[in-house]
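Student: Sequence:
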Amino acid sequence: MAIAKSVLNESRQIERAAMLIEMGARMQVLESETTLSYERLIRLYKEVAGRSPSKGQLPFSTDWFLTWQENVHSSLFLNIYEYLSKGVDLDAVELLTKAYRLYNEQVQTAEIEPLLSFTRAWRLVKFVDAGMLTRTKCSKCKGQFVSELYESRHYVCGLCNPPARAGKSKSKAALKLH
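Per the numbering used here, residue 474 is the first one in the sequence shown, and the count goes up by one each step.
There's no promise every hint is true.
Simulated pairs of lysine to aspartate or glutamate, EDC-like, Cα-Cα distance not exceeding 20 Å [what the hints assert, rightly or not]: (1) 519 - 495; (2) 599 - 584; (3) 528 - 543; (4) 615 - 555; (5) 610 - 506; (6) 615 - 543; (7) 599 - 555; (8) 478 - 520; (9) 571 - 602; (10) 599 - 504; (11) 519 - 536; (12) 610 - 567; (13) 528 - 555; (14) 528 - 562; (15) 599 - 536; (16) 613 - 624; (17) 610 - 495; (18) 613 - 567; (19) 610 - 621; (20) 559 - 504.
Computed Cβ-Cβ distance ranges for the label pairs, DEER-style [unchecked claim]: (21) 501 - 634: 32 to 38 Å; (22) 629 - 564: 20 to 26 Å; (23) 520 - 555: 43 to 49 Å; (24) 520 - 621: 37 to 43 Å; (25) 562 - 633: 30 to 36 Å; (26) 536 - 565: 32 to 38 Å; (27) 481 - 621: 39 to 45 Å.
Read the hints as simulated data drawn from the structure, not as lab findings. Remember, predicted model here, so these are calculated numbers, not experimental data. Built from N, CA and C at the ideal position, the CB exists for glycine as well.
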C-alpha cells in the first residue's frame, strides 16, 4: 500500500533528510532512507550543507571494516547499535543516528579520531543485515568484534593481537597501544 501524500509526512521526511545530511550522509543513504525525490534531496542537501553532495558510488567492500583500527571503530559502533536495538523501540534510522552519536561521544571522550563516517556506519549495518559481516567473540578478551561470517572459534581481536605496525601512527588522534 502506498503512503498517502500528506504535508505532515513530507515535513517529517524533510526533517529526517536534513538530520542525515548534518550527520554526513551521502546521497545514496538519503535516497534509501527517505521518500523524497532525488531533485528535492539535491536542493535540500545544498541548502543544509551549503555545497553540492559528493559524487560517486559508495564503497561496497567489507574489507575496510576488517582492517585493524577501522575494525576497532566499527566494532565499537556495532556493539552500541546492537545494544540499543535490544533495549529501545526506534525505527532503523533513529537507531542508526543514536548509535552513531554515541560512537562519536565515545571516541571524543577517548580523544581519538573518529574513523567511521555516518555513511560507513550505515553501510556496516547493511552488510550485517545482509549476512556479509557479523560480530565474533574474541577468545581472549571476550569482546565482540566485526568479522567475516565464518570466523573461527579461536578468533583473536586486533586489540589482543595487534599487527606489527599497530599503534605506531604519528597522528595524535590515532589509537595507541600501551
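Student: Now look at each hint and say whether the structure bears it out.
Tutor: The hints, checked one at a time:
1. 519 - 495: Given pair residue 519, residue 495 holds - Cα atoms ~11 Å apart, limit 20 Å.
2. 599 - 584: Answer violated: residue 599 to residue 584 is near 28 Å, above 20 Å.
3. 528 - 543: Given pair residue 528, residue 543 is violated - Cα atoms ~23 Å apart, limit 20 Å.
4. 615 - 555: With a Cα-Cα distance of about 16 Å, the restraint between residue 615 and residue 555 holds, given a limit of 20 Å.
5. 610 - 506: violated, 31 Å
6. 615 - 543: This hinted pair holds, its Cα atoms lying about 19 Å apart.
7. 599 - 555: holds, 13 Å
8. 478 - 520: This hinted pair is violated, its Cα atoms lying about 23 Å apart.
9. 571 - 602: With Cα atoms ~18 Å apart, residue 571 and residue 602 stay inside 20 Å; holds.
10. 599 - 504: holds, 14 Å
11. 519 - 536: This hinted pair is violated, its Cα atoms lying about 32 Å apart.
12. 610 - 567: violated, 27 Å
13. 528 - 555: violated, 31 Å
14. 528 - 562: At roughly 34 Å apart (the allowed maximum being 20 Å), residue 562 and residue 528 break the hint.
15. 599 - 536: Roughly 14 Å between the alpha carbons, so the hint for residue 599 and residue 536 holds.
16. 613 - 624: Distance of about 15 Å is within 20 Å: holds.
17. 610 - 495: Distance ~34 Å between residue 610 and residue 495 Cα, so the pair is violated.
18. 613 - 567: violated, 33 Å
19. 610 - 621: holds, 12 Å
20. 559 - 504: This hinted pair is violated, its Cα atoms lying about 27 Å apart.
21. 501 - 634: 32 to 38 Å: holds, 35 Å
22. 629 - 564: 20 to 26 Å: Violated, since residue 629 and residue 564 (Cβ atoms, about 36 Å apart) do not stay within the stated range.
23. 520 - 555: 43 to 49 Å: Violated, since residue 520 and residue 555 (Cβ atoms, about 34 Å apart) do not stay within the stated range.
24. 520 - 621: 37 to 43 Å: holds, 41 Å
25. 562 - 633: 30 to 36 Å: holds, 35 Å
26. 536 - 565: 32 to 38 Å: For residue 536 and residue 565 the Cβ distance comes to about 25 Å; the hint is violated.
27. 481 - 621: 39 to 45 Å: At 44 Å between Cβs, range holds.
Of the hints listed earlier, those the structure fails to meet are numbers 2, 3, 5, 8, 11, 12, 13, 14, 17, 18, 20, 22, 23 and 26, in rising order.
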